[in-house]
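Using the sequences and the hints given, assemble the complete structure.
What follows is the residue order along each chain.
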Amino acid sequence: MRGIQLSLNQTQKLRLQRALDKLDSLSSKRNSNASVTVADTIPVNHEDGVLKGHGTTELGGQVVATLCGVVERVNKLVYVRSLRSRYKPETGDIIVGRVVEVAQKRWRIDINANQDAVLMLSSMNMPDRIQRRRTAIDELNMRNIFEENDVICAEVRNLQHDGTLQLQARSEKYGKLDRGQLLKVPCYLVKRRKQHFHQLDQYGVNLVLGCNGYIWVGELNEAKDIMMVDQPINAQPNSTNEGQANTPAEIRQNICRIANSIRVLATLGFNITMEVIEEIFNLSRSLDFVVHDMLGAEFCVLVAEREAERRSSSTKRKG
Amino acid sequence: MVGLSIGEKLFIQSGIAQDLRCDGRRRLTYRPLYVETGVIPQANGSARVRMGETDVIATVKAELGKPSPSQPDKGKVFIHVDCSSTAAPMFEGRGGEEFSSELSVALQRCLLGSNSGAGAGIDRASLCIAEGKICWDLYVDGLVVGSDGNVLDALGAAIKAALSNTGLPRVHVTVAAPDGEQPEVDVSDEEFLQFDTSGIPVIVTLTKVGRHYIVDATTEEESQMSSAISISINKKGHICGLTKRGGTGLDPSVILDMISVAKYVGEQFMNRLDSEIAAAEASEAE
Chain A
0 MRGIQLSLNQ
10 TQKLRLQRAL
20 DKLDSLSSKR
30 NSNASVTVAD
40 TIPVNHEDGV
50 LKGHGTTELG
60 GQVVATLCGV
70 VERVNKLVYV
80 RSLRSRYKPE
90 TGDIIVGRVV
100 EVAQKRWRID
110 INANQDAVLM
120 LSSMNMPDRI
130 QRRRTAIDEL
140 NMRNIFEEND
150 VICAEVRNLQ
160 HDGTLQLQAR
170 SEKYGKLDRG
180 QLLKVPCYLV
190 KRRKQHFHQL
200 DQYGVNLVLG
210 CNGYIWVGEL
220 NEAKDIMMVD
230 QPINAQPNST
240 NEGQANTPAE
250 IRQNICRIAN
260 SIRVLATLGF
270 NITMEVIEEI
280 FNLSRSLDFV
290 VHDMLGAEFC
300 VLVAEREAER
310 RSSSTKRKG
Chain B
0 MVGLSIGEKL
10 FIQSGIAQDL
20 RCDGRRRLTY
30 RPLYVETGVI
40 PQANGSARVR
50 MGETDVIATV
60 KAELGKPSPS
70 QPDKGKVFIH
80 VDCSSTAAPM
90 FEGRGGEEFS
100 SELSVALQRC
110 LLGSNSGAGA
120 GIDRASLCIA
130 EGKICWDLYV
140 DGLVVGSDGN
150 VLDALGAAIK
160 AALSNTGLPR
170 VHVTVAAPDG
180 EQPEVDVSDE
190 EFLQFDTSGI
200 PVIVTLTKVG
210 RHYIVDATTE
220 EESQMSSAIS
230 ISINKKGHIC
240 GLTKRGGTGL
250 DPSVILDMIS
260 VAKYVGEQFM
270 NRLDSEIAAA
280 EASEAE
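These protein sequence lines map, in sequence, to chains A and B. If you're matching positions, the first sequence starts at 0 in numbering that gives the first Met the number 0 and goes up one per residue. If you're matching positions, the second sequence starts at 0 in numbering that gives the first Met the number 0 and goes up one per residue.
No wet-lab data here; the hints were simulated from the structure. The beta-carbon is built from N, C-alpha and C at its ideal position, and this holds for glycine as well. It cannot be assumed that every hint is accurate.
Partner residues aside, some chain B positions facing chain A, computed with beta carbon under 8 Å [stated by the list, open to error]: (1) L9; (2) F10; (3) P251.
So this is what it looks like as structure tokens:
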């Protein structure tokens with residue numbers, strides 16, 4: 000595990016080390032001999048014709064790994080899957096991204112991957128909710144839907160042959176994310192699950208866990224403004240009511256608390272799921288931690304210990 | 000610099016107005032501070048300071064030199080800052096040069112006082128060995144490894160930590176020479192004198208967003224600022240230097256108010272920094 004940069008005193012260092020060792024011992028060490036580093040030879044049966052997949056190369060008659068990771072075998076295909084890498088998109092992933100450019104009939108979105116993704120105008124619902132052909136007027140009014148630097152959530156539609164990623168945002172739950180903060184975590188900490196949208200009504204918080212490592216924590220909009228046709232095209236942002244723009248203090252506290260829970264998980268390198276976030280949230284509230292102190296050394300150590308306890312109790316229940 | 004959407008900007012501004020910033024801090028709270036000393040063994044003194052994602056390294060190298068004719072009883076201190084290209088995307092290639100020179104000038108103003116040497120934070124008289132003949136030249140270098148706002152404060156803290164880590168070899172003048180000639184010196188390898196850093200000021204940057212001031216702004220918060228003032232304050236509460244950034248003008252009463260806030264914040268930060276430096280030196284000694 001990479002060195003965690005926190006100023007820990009001696010007791011805290013010991014406690015953290017113990018918690019991390021406990022987690023290490025609990026993690027299933029299946030096929031530990033399947034992990035390879037660069038230039039390791041992969042044991043392969045040369046009589047069966049073997050297909051050399053990603054992360055391998057042929058060197059002097061041997062199959063040699065070019066990545067650090069775990070060897071996977073599927074029938075005749077042998078490839079190396081790296082554990083930490085840039086985001087690798089798959090169809091159906093929920094993504095949170097930032098609009099970089101408004102181009103002809105499409106938006107370019109930055110999703111923290113090798114390339115920017117593309118959201119076509121035709122993959123986006125029109126404000127008037129009518130299914131129709133996109134006209135030239137629609138193209139000119141693209142900025143009314145999304146502008147540069149807007150944060151949006153969408154779904155991966157497909158990966159084209161040249162590597163470009165196409166997104167689609169045709170459902171109600173996708174679209175612009177307003178009033179909140181965007182967090183960036185390593186993308187391998189967010190696993191693919193059934194639910195990536197979490198609307199926490201009791202806290203008034205809208206949480207979107209993007210598979211690409213961007214996580215949105217924001218205010219829950221109860222009344223979503225659907226009919227935007229009547230709004231003037233040159234709507235100035237300052238003209239929106241000042242009172243409406245300010246988030247209530249209670250909800251803001253919850254947003255910051257959840258954001259800090261996610262930051263602590265990212266620092267410690269634990270998987271980010273809704274259950275863990277809620278547990279940390281409740282832990283911080285029950286121990287009366289001020290929101291800012293959640294990023295300090297003491298709370299990190301507590302989280303590590305709590306996670307070790309939780310995992311050991313869940314393995315005891317299973318086994 | 001990554002842009003921010005209108006909703007995010009509103010969130011940041013209203014957060015500052017409501018005294019609850021994005022990471023839960025209050026307006027006058029610093030991020031967790033992490034100090035390491037002795038990171039560069041070849042230098043006479045070095046330190047690394049981390050505040051959130053902002054990561055800076057400061058080193059002090061000492062060489063024997065001749066004092067300038069206008070100030071024969073004082074040593075010379077040169078401060079230079081370099082922004083690594085990996086610190087932020089905008090520092091790629093030569094993009095960081097403007098920011099580096101801005102930081103160098105601000106540090107010189109805050110720590111070295113005016114051209115005549117009056118009001119300096121660093122006591123240069125202690126660097127003199129033989130008046131008019133030999134003095135210590137200190138080359139203080141700063142390297143910005145990670146930039147997430149408030150780089151100037153971090154550099155000020157790192158320089159203070161590096162100077163407290165600096166050991167100057169003891170110098171004996173062996174042969175006293177007549178005027179105009181350089182005396183011979185014997186530079187000891189064993190004995191080291193610790194540089195006295197109790198008088199060195201700490202830099203506090205107050206960023207004005209809307210009608211409120213915040214301390215230790217992140218890059219997102221800095222993008223919303225109208226102006227920022229960096230004040231260097233020493234232990235006695237005296238101001239050693241003042242720098243203003245940002246395009247918006249400030250009313251003089253606002254500046255005086257910011258100075259008094261900075262004094263209050265600076266005192267607490269100085270105490271915290273001193274204890275962190277002591278802890279870092281203790282762990283380095285182990």
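Tested hints:
The interface hint given for B:L9 is met, as the beta carbon of that residue sits about 5 Å from the closest beta carbon of chain A, less than 8 Å. With a least beta-carbon distance of about 5 Å to chain A, the hint placing B:F10 at the interface is held under the 8 Å criterion. Using the Cβ-Cβ criterion of 8 Å, the hint placing B:P251 at the interface with chain A is not satisfied: the shortest such distance is roughly 28 Å.
Hint 3 from the earlier list is the only one contradicted by this structure; the remaining hints agree with it.
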